[in-house]
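A.B. asks: What follows is each chain in one-letter form.
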Amino acid sequence: MRLYVYCLVEKIDRLTATIRGISAAPVRLITIEDFQLLVSDFEGDAPPPVTRENVLAHDAVVRTVLNHATPLPFRFGTVPTEAQLRSYITTHRDALEAKLAQVRGCVEMSVKIISDTDETESGWKKDDLSPGTAFLQQKQRELLGSERRAEEAKQVAAWLESQVGEYVRQEDVNLCPTEKLIVAAAHLIAREKIAEYRGRLAEARKTRPELHFLVSGPWPPYSFSNIELEFKTRFGVS
Amino acid sequence: MSSPFDQVLIQSDVEQLEQADLSLLETLDHVLNRGLVIAGEITISVADIDLIFLGLNVLLSSVETANEVIKKRG
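Chains as they are written, first to last, in our numbering: chain A, 1 to 238; chain B, 1 to 74.
Among the clues, some could well be false.
Estimated spans, in silico, between C-beta atoms of each pair [as the list claims (entries may be wrong)]:
1. B:Asn33 to A:Arg104: 28 to 36 Å
2. B:Asn33 to A:Leu136: 17 to 25 Å
3. B:Asn33 to A:Ser162: 20 to 28 Å
4. B:Asn33 to A:Arg28: 23 to 31 Å
5. B:Asn33 to A:Arg86: 23 to 31 Å
Partial list, computed: chain A residues near chain B (C-beta under 7 Å) [to be verified]:
6. Leu72
7. Ile89
8. Phe135
9. Trp159
10. Ser216
11. Trp219
Think of the hints as simulated: they come from the structure by calculation, not from any bench. Here a beta-carbon is modelled for each residue, glycine too, at the ideal position from N, C-alpha and C.
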């Protein structure tokens, strides 16, 4: 028997209502090393398939405690045995405590910025070209376009930071993930600052009508939970 | 199951996508790409995918791509 693990949380004594998780399994609270974890029993060894229902169930369970505490969400599909889970918690106890302290009292806001500007075609002749020349011109356009996107992404990220940085306790910013989406930022915001943050962001958006914004939240701090990735980042190995 | 999106505020200038689709894409991004990982424990099956998941890792990709996938789904 394995456990499906939703999140780790602190200072939750009991669940106030019956919660159903993946495959409608009842969610229960277990305690390991002073941490509480929301889990449900899970049959089989392979993680559950990625379906709309399962993904929403995972997030819904994590959100059940969000109003009372800030959880550290596990990634979808975490199905260790209880022994493996206990070993993980015991081994990483200090890192988990530090991580909980980082996110305590905060939620995550997500800001994605999309640019529709397409400068790659401007200034280029579309005369009849040999296939080889057309190919090389296309590659050159792509390269120049990519460089412009990277520069634009840097500028937009810096602008975003200048607008809302005072409210951001921690951030995770990806620049230029694709041609259209130039900035994807996750902001860790103190709960009491959410209204101010939203207000400032709304004002800032008005000044950049050429950009599209996708703003969502509050989320449990999914982007600020993983201690393994930080280890990899810091030491270059996982 | 109650919708988790009651608590999710979406503000979008991109009108091609329904709010529910955007909410789902955002949930996918958070739930599948982020969160605590127990090393060696994550092997997500992509079988029986019924929605936008082919665009999952490109979810952050572009609204354009997402929109195409959603149209195909619909």
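A.B. asks: Determine for every hint whether it applies to the structure shown.
C.D. replies: Results of checking the hints against the structure:
1. As the Cβ distance of asparagine 33 of chain B to arginine 104 of chain A is approximately 23 Å, the hint placing it in 28 to 36 Å is violated.
2. Between asparagine 33 of chain B and leucine 136 of chain A the Cβ separation comes to about 36 Å, which falls outside the hinted range of 17 to 25 Å.
3. For asparagine 33 of chain B and serine 162 of chain A, the hinted distance range of 20 to 28 Å is satisfied, since their beta carbons lie about 27 Å from each other.
4. Our hint of 23 to 31 Å for asparagine 33 of chain B and arginine 28 of chain A holds, since their Cβ atoms are close to 27 Å apart.
5. Between asparagine 33 of chain B and arginine 86 of chain A the beta carbons are some 26 Å apart, a value that agrees with the proposed interval 23 to 31 Å.
6. The beta carbon of leucine 72 of chain A is positioned within 7 Å of a beta carbon in chain B (closest approach about 6 Å), and the interface hint is therefore held.
7. The beta carbon of isoleucine 89 of chain A comes no nearer than 10 Å to any beta carbon in chain B, farther than 7 Å, and the hint placing it at the interface is violated.
8. Violation of the interface hint for phenylalanine 135 of chain A is found here, the shortest Cβ-Cβ separation to chain B being roughly 24 Å, above the 7 Å cut-off.
9. Look at tryptophan 159 of chain A: its Cβ only gets to about 16 Å from chain B, farther than 7 Å, so that hint breaks.
10. Hint status for serine 216 of chain A relative to chain B: holds, with the closest Cβ pair at about 5 Å, below 7 Å.
11. For the restraint placing tryptophan 219 of chain A at the interface with chain B, the shortest Cβ-Cβ distance is roughly 6 Å, inside the 7 Å limit, so the hint holds.
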